[in-house]
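Visitor: Those sequence lines, one after another, are chains E and P. So the first sequence is numbered by my numbering: it starts at 11 and just counts up by one. So the second sequence is numbered by my numbering: it starts at 5 and just counts up by one.
Hint data in this document are derived by calculation from the structure and do not stem from the laboratory. There may be inaccurate statements among the hints.
What the hints assert, rightly or not - Incomplete in silico selection of chain P near chain E, CB under 8 Å:
1. Phe119
2. Asp121
3. Ala153
4. Pro164
5. Ala255
What you are looking at is a predicted structure, and each value in this text was computed from that prediction instead of being measured. In this text, a Cβ means the ideal position worked out from N, Cα and C, and glycines have one as well.
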Amino acid sequence: MLEITDLVHSYGSHRVLDGVNIRAAEGELVCVVGPSGCGKSTLLRSVAGLIRPTGGRVLIGGQPVDRIPDNLAVVFQDYSRSLYPWMTAANNVALPLRRRGLDRRRRREAAIAALDQVGLADAAAKYPWEMSGGMQQRVSIARALAYRPSLLLMDEPFGSVDAQTREDLEDLVLRVCAHHGMTTLLITHDIDESVYVGDRVIVLTRSPARVAADLPVDLGESRDQIATRQRDAFVRLRAEVGRLVRGGSPTSTVLEKK
Amino acid sequence: MEHARVLRGVAGVAGFLAAAEIVGATGLIDDRFLPRMSTILRGAAELLVDGEFLADARASLAAWGLGLLLTVAVAVPAGLALGALPPVERAVRPLIEFLRPIPSVAIIPLAILLFSDNLHLRVAVVVYAASWPIVINTIYALRDVDPLAKETLRSFGFGPVSVLLRVALPSAAPFIATGIRVAAGTAVILVISAELLAGGAEGVGIYITEAASGNRMDLMLGAALWAGLFGVLSNTALVAVERRLFRWHDARTGAAR
């Protein structure tokens with residue numbers, strides 16, 4: 011579904027991505043974790059077609075990304091800047107659907123349905139600034155869902171909300187991605203989160219970024235904020251990812267499982 | 005709080021009027037040159053039933069409204085184009101910086117040569133003078149639009165024109181509206197100045213000239229008073245419209261106006 015091959019990007023003489031290779035199968039939720047400032051956002055922006063990478067190739071569904079693909083949606087960290095304050099939640103969600111050629115009524119129906127999925131059926135007429143941070147990020151997620159992308163990109167989507175809201179949103183993303191069978195690339199600096207949410211965790215090295223490890227997450231389909239985090243497999247994988255993020259080399263125990 | 009502010013403003017105006025009346029009553033100022041405040045206010049009140057003045061006021065109002073409408077129609081697209089295309093803006097910038105400080109009233113003699121029709125003349129000077137605040141505000145507001153807001157729409161595959169109209173323009177709208185409000189005040193000045201300098205058949209400026217030559221200082225100042233009051237009222241009305249339309253902007257910036 012998603013193939014990133016030898017992706018290289020430099021800002022001037024400063025190399026940020028140094029030959030990144032990532033594959034994601036249809037319906038897979040892949041977490042990309044790495045030290046802050048390692049180029050995670052540059053990676054996401056290259057996949058989204060928002061910047062043109064210096065080198066390498068990105069294929070989505072076999073199609074090269076040479077402009078902004080129309081089967082993709084992005085959820086940014088900063089919901090307060092990414093939602094439009096002059097529009098209600100429903101209109102924010104409905105706006106991108108203009109690209110789908112839906113008429114006004116169908117856009118509105120799709121927006122209400124998406125808001126319902128993220129538990130905001132009652133907030134359709136509210137403005138973003140009348141909502142809490144968690145609710146605003148739910149609206150952003152609803153906007154991405156309503157667009158029905160085949161690839162969902164999320165850039166630190168839970169970085170600006172409190173811990174409790176963060177857990178709720180993690181479970182929400184797990185639920186809706188599984189429900190829609192959406193391929194998802196989620197970028198985070200949070201090690202716990204990458205293991206909890208991901209089907210696979212890709213660890214990037216310090217800048218310039220390369221893939222340090224590609225680790226499968228053997229925690230099964232259903233996850234629970236308390237029980238999953240207590241499991242041995244979770245604790246072990248979290249420790250491994252943590253070591254890799256800090257610059258360690260892969261240990262044999264985890265590699266054997268690959 | 006709003007109430008207290010209005011009350012205080014009324015008190016200030018009443019205090020000024022009373023002080024002016026008292027100074028007039030002491031005979032400190034010759035009331036052939038500056039009539040007593042009560043005389044001016046009576047003159048202003050008389051104007052309300054003066055058919056000639058009302059016709060002049062209507063003519064000035066029409067020139068103001070038409071001029072402002074045309075200004076918005078010209079200046080907003082011009083500001084959008086300059087704000088959206090930085091290379092063009094950089095090329096035009098020196099010209100703007102040169103023209104803008106020239107007192108707009110100074111171009112009225114030129115306009116008198118160019119336009120034979122008095123309405124055209126007034127509308128033209130209004131458009132010239134009142135465009136600046138709108139153009140400048142629009143350029144700066146567009147420059148300050150959040151890049152992430154634009155990128156969000158771009159990531160859904162919208163092109164540059166859609167992003168300009170659906171994100172940049174609404175984001176900039178509160179600042180454009182402020183520019184329009186400043187322009188409305190400038191337009192009042194320009195309409196009356198053009199009438200004073202260029203003469204013509206009707207207009208508040210014409211009425212003022214005629215009252216002055218007839219030595220009716222009370223009517224002359226009464227007419228000026230109405231012009232000032234019109235400026236205050238149009239400003240207040242535009243502030244109210246802005247508050248209604250851009251509630252989202254105040255809520256977000258936490259501005260209490």
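Visitor: Does the CB of Pro164 (chain P) sit less than 8 Å away from some CB of chain E?
Guide: Because about 11 Å separates Pro164 (chain P) from the closest Cβ in chain E, which is outside the 8 Å limit, the hint is violated.
Visitor: Once the shortest beta carbon distance from Ala153 (chain P) to chain E is found, is it less than 8 Å?
Guide: It holds, given that the least Cβ distance between Ala153 (chain P) and chain E is near 6 Å, below 8 Å.
Visitor: Is the hint on Ala255 (chain P) kept, meaning its closest Cβ partner in chain E is under 8 Å away?
Guide: holds, 5 Å
Visitor: With 8 Å as the cut and Cβ atoms as the points, is Asp121 (chain P) at the interface with chain E?
Guide: violated, 41 Å
Visitor: Tell me if Phe119 (chain P) is really an interface residue toward chain E, meaning its C-beta lies closer than 8 Å to one of theirs.
Guide: violated, 40 Å
Going through the hint list in order, the structure does not satisfy hints 1, 2 and 4.
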